[in-house]
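Protein chains: 2
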Amino acid sequence: MIGINEMFNPSSVAVVGASNSVGKVGYILVDNIVNGGYGGKVYPINPKSDEIQGIKAYKNVKDLPEVPELVVISIPSPFVNETLNDCGEFGVKNIVVITAGFKEVGGEGIKLEEEMISIIKKYNINLIGPNSLGTIDTHTPLNTSFSQAMPPKGNIAFVSQSGAMMVAIIDWSVTAGIGFSKVISLGNKAGSTEIELLEYLAEDKDTAVVIAYLESISEDENFVNTLRKVSAKKPVIILKSGSSAAGAEAASSHTGALAGSDLAFDTAFKQAGIFRVTTMDELFDVALAFSKCPIPTGRNLAIITNAGGGGVVSVDAMERFGLNLVEFDDKTTVKLKEAVPDEGSVKNPIDVLGDAPVSRYQETLGIVLDNEAVDSLIVMVCPTASADADGIADAIIDGAKDFDKPVIVVNMGGPTFINADKLLRENGIPTYVFPETAVKVVDYLARFEAVQERVYDDPIAEIKDVDTKTVSDIFAKVKTDGRDTLLGSEAYAVAKAYGISAAPIVLSTSNDEAGKIAEEIGFPVVLKIASDKILHKSDIGGVKVGISSKTEAEKVFDEIIASAKKAHPDIAPDGVEVQKMMDSGDEVLVGMVRDKQFGPMIAFGMGGIYVNLIEDVAFKLANGLTSDEIDEQFESTKVSTLLKGFRGEPAKDIKDVKEAIKRVAKLTLDFPEITELDINPIFVYENGSSALDIKIKL
Amino acid sequence: MIGINEMFNPSSVAVVGASNSVGKVGYILVDNIVNGGYGGKVYPINPKSDEIQGIKAYKNVKDLPEVPELVVISIPSPFVNETLNDCGEFGVKNIVVITAGFKEVGGEGIKLEEEMISIIKKYNINLIGPNSLGTIDTHTPLNTSFSQAMPPKGNIAFVSQSGAMMVAIIDWSVTAGIGFSKVISLGNKAGSTEIELLEYLAEDKDTAVVIAYLESISEDENFVNTLRKVSAKKPVIILKSGSSAAGAEAASSHTGALAGSDLAFDTAFKQAGIFRVTTMDELFDVALAFSKCPIPTGRNLAIITNAGGGGVVSVDAMERFGLNLVEFDDKTTVKLKEAVPDEGSVKNPIDVLGDAPVSRYQETLGIVLDNEAVDSLIVMVCPTASADADGIADAIIDGAKDFDKPVIVVNMGGPTFINADKLLRENGIPTYVFPETAVKVVDYLARFEAVQERVYDDPIAEIKDVDTKTVSDIFAKVKTDGRDTLLGSEAYAVAKAYGISAAPIVLSTSNDEAGKIAEEIGFPVVLKIASDKILHKSDIGGVKVGISSKTEAEKVFDEIIASAKKAHPDIAPDGVEVQKMMDSGDEVLVGMVRDKQFGPMIAFGMGGIYVNLIEDVAFKLANGLTSDEIDEQFESTKVSTLLKGFRGEPAKDIKDVKEAIKRVAKLTLDFPEITELDINPIFVYENGSSALDIKIKL
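These protein sequence lines map, in sequence, to chains A and B.
Residue numbers for the first sequence follow UniProt numbering, so the first one is 1 and each next one is one higher.
Residue numbers for the second sequence follow UniProt numbering, so the first one is 1 and each next one is one higher.
Calculated directly from the structure, the hints in this document are not laboratory data.
Computed from a predicted structure; not experimentally measured.
A couple of the hints might just be wrong.
For identical chains, the list gives no copy identity; a pair is met inside one copy or between any two copies.
Claimed, not checked - Once the Cα atoms are required to be at most 30 Å apart in a straight line, the calculated DSS-like pairs of lysine-lysine come out as:
#  : residue 1 : residue 2
1  : K422      : K153
2  : K638      : K658
3  : K638      : K270
4  : K111      : K347
5  : K638      : K580
6  : K695      : K644
7  : K59       : K48
8  : K638      : K695
9  : K347      : K596
10 : K335      : K405
11 : K337      : K24
12 : K658      : K695
Work out the full structure, taking the sequences as your base and the hints as a guide.
This is the structure in structure tokens:
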């Protein structure tokens, strides 16, 4: 993405397909660039005209007197790649392709887009599109889109995968009082992806907050780590739609069935420090707050209102969002008592009463913002007969400017506040109609502060005592055998090689061997038929528990083989597995389901036969997994309460459980051929733990 | 509430406290009534003036030439009750008290309000307030409030417990394009409660939808049954705030700990067929839809859009709300193919493309609405260069009027749609900016249809085979003993008297008796120390299981008594309980926690020692409980999946479980002295069930 800045702030722009016919895209593009205030050189390209809209035109990019820093292409799709080649040869580095008719139409379009990708790779070109509506930079200013309205200037960058949504939002931004730095229509993402653009916008000086409407995320196992660098600098808010399209995929493992297809996105966004919203109004409510407000230093909120009802509604919302209502100290309370009449309330939410004049708002605001315990302030104004909407707005603007704290205004009404809303927003104060919205955005502001505070360590990289050779060898053997599932004994060996505590399982192929192995691992043992083809092992007499002597083990070996042969004469079992019988403990599960997009997703939760009923499971992506995230994953389950010692039980070995999570993450990162992994149950004891049943699928 | 209609449409209104001083409440009231277009007689009452604002004034209500159908009072609080007495004696039936300074200020105000209540009871007066902002009827028209703005006329009735919120909403309604039939400020609810007013509004011909902002609900065990009559006629949408104030109360029973204080409201609203919303914008979004749209006959939705992105976002929202995307039949598809170009989509959501002219919207709309499978339609318009916002609006109005189906428009933008939004709303079509809002309101419309379809039977009333005498006697004995908790044997007897299947428990007071009882109920048995004072019975050797003979029972009796005496020398046990040992089954719990406001709330869910960890419990209020609601309660738990036969297990006796729910409901309705009840676990078998542990607290 070298030189991508020239995409938005080029010294010269060529428009391929520039036109003199009013209403045609090629006309609108030149018109928007020239009349949108762009100060650089504009080169219309049109093989049939010498002049476009009064500007000298050229027949081909290659004829230009200089290499344009940006080329915008809007010619029929069959001719686009030829132009791209010309651009590449001429040394052009930044291109926006407006033309549609590529991947999105299927058939020939897919081929054209593949060809396009190879051209831009060859010449190392930054390309937005094809099928893009174009880009807008309000600061340059440069409008390479065929949206005729230029959105208001501001500090929000908006990346949209839908052109129509982009147009809608530009129109709506006027009503919403929202200003943009850049608006980018992604189109088909043949060149620049949303991830690359987000990386760029993180560095963009004109942008304070990045928002995006996305229907897909480019496949990238490193997504979490890349986006963390973005969210460390700026708030990123994404409306990712299309969540319903795929639905939960059918999967053979517990873990797979528990994880829906949309869960991976949620998980990735959370770990990356990105905010995912589910509705468009939430996207813009939150963007407005980030575009105006400083970031608070915590979750303590104060409210000033001239209506008790508004306070009550806000407190409800605060409880839903987990924000704290500041309790004022005596000093502040004394001051507030001087400012607020007795019938009001100096307890948070502060009720300055329906008859509050501007001065009462002003004094209260100063006292509250001056209190160190207050991280954010919401000021609410109901249009009572005495409320001077504009005067209160002025007082808020004036009072807020001395403090580096978010002040958010709720102007509860319509016509009364048209001017006040404008005034406040122009002076860096976001306004909303309803108290719940204000509380919600404070939650986002505070959550961003928490993202900034995150520590990204790498506990998985610290694990060194693993034996990759053993695992590779086992996987090679499984593949040679033409199987896709490991035998219990193999899975045990893999776990052991990666330091995951498990009850020993060894495969025996004769009654004599079974006896010997049983003696080695220690009684009592379980014997189980070994075969990836026999599914319901217990039902056919393929499992015997509580075997307590060598002789018994030898005898049971023969019985199990006989039962299996009787039930499945056509299946040759691999032998009989001998497993040490463990004392029972609290049951947990650790699993992995591999996401196509983001790689291994690690599950932790309550184990046992009812996992799919209880659904007490939390997921994290292995890529970038931190110690804090493992703690959070653990704590977010109900079984964590059990392990910490429920109803007087002693606490269990939580450290060992977390170790298992880490090691499963490492194993599945090291071996991408593992498609599914389920350890259920793991018995957790006061000291240590033991995996009972390990299923690994390649 | 006889004659309450005169509260809103009186032939004459007297204003006590009427004033000539501009700006005073008594001035504004007269001004609002006279200049708000009211056509009836107006009588200002003021002891010091003969004329108020040019109208003949009277010194006292009693001096009036006729009994006014409505009296509005705004005089200092110490004088209000005297006036009320005068009104009562004179025969006034409807009064609005604007004056504040009653219950809400505490102290003397509480006394004044108590006195007020006795006066209105004495004279059978309908009274709104005190501390009300007044009422507005836009149809009469009559504005008895001191809000100077008259809201737009419409068919939404709005009841508000906060005066300031009422003012805010009146102001906002202009921007939101919402019209009201009546706006009522409840004040302190000394007379008319929100429940009575909702009952009245159900019959009001000018009102199509009732919305309310409430901070409390008047205590009424019959709430569910009363409000069902309202919701059978009109949609009722309530924003009930103050949910966080109380928090979950500490309770000694499982059931109590599982039920938060706010849960009772949620449960009551659901059972009453009322919609509870959590935010103010949701309240008004939904009200707008109900005020404009017919009620759909199902949950099948079609979408027409000129932007793919809007369709995707809508489908996501539909999945969240559980609405169905109609799959069109061949006939419709053929017609759509003629109307929509190939690059568009004739599959739902129908993409008419960004260049769609008015005619394409028009044709598509007709085809889709004509399809019988379509219950509701959302039409989305993005402001593309070709989109003719006003023309499309006209086409929608024209096309929708021939069909009795909800048509909801999403105009995704700002300035482009100002006129179109107005046009559509004036012609009975609600409009929203974002697709998710449109989908949400369709969900509400369809849910109201489901409310209309409900069958309210009374399965509890059908239970006749109960022995109330036995229960009364046991409770009397418990009270005489000075206890508040029943012994296990007593609780068993209560369960038996109410036909709840339970493992027999009988109290023995000697080793000889223990042996005899054990023999009678059949071995094996459990012996347990009987005492409401000994809490951890197992820990002190107070419980012995698996007793299989008479001799053993006699011996264990002595051992248990000895252990108990050793551990608690100060406690005299009531004896030893002998309980039949039952085979284990699937564990469920049935419980009851009594809500102060709504009466018994019945819990059903997964049983066992981890109930508070698993939290798989659903609640229903016993008052008005129907068979469908019991089914729903059962189905909403995870344990229902288990009982239906999980992972190949045979199905359990679900009928017996539901019988237990009904009978616990009946028991706790019949005996209000039961404060808490917990049956956990109940073992559920393939045939029948058996309650193991029953705790009843009075």
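Kindly indicate which numbered hints from before are broken by the structure, ordering the numbers from low to high. none
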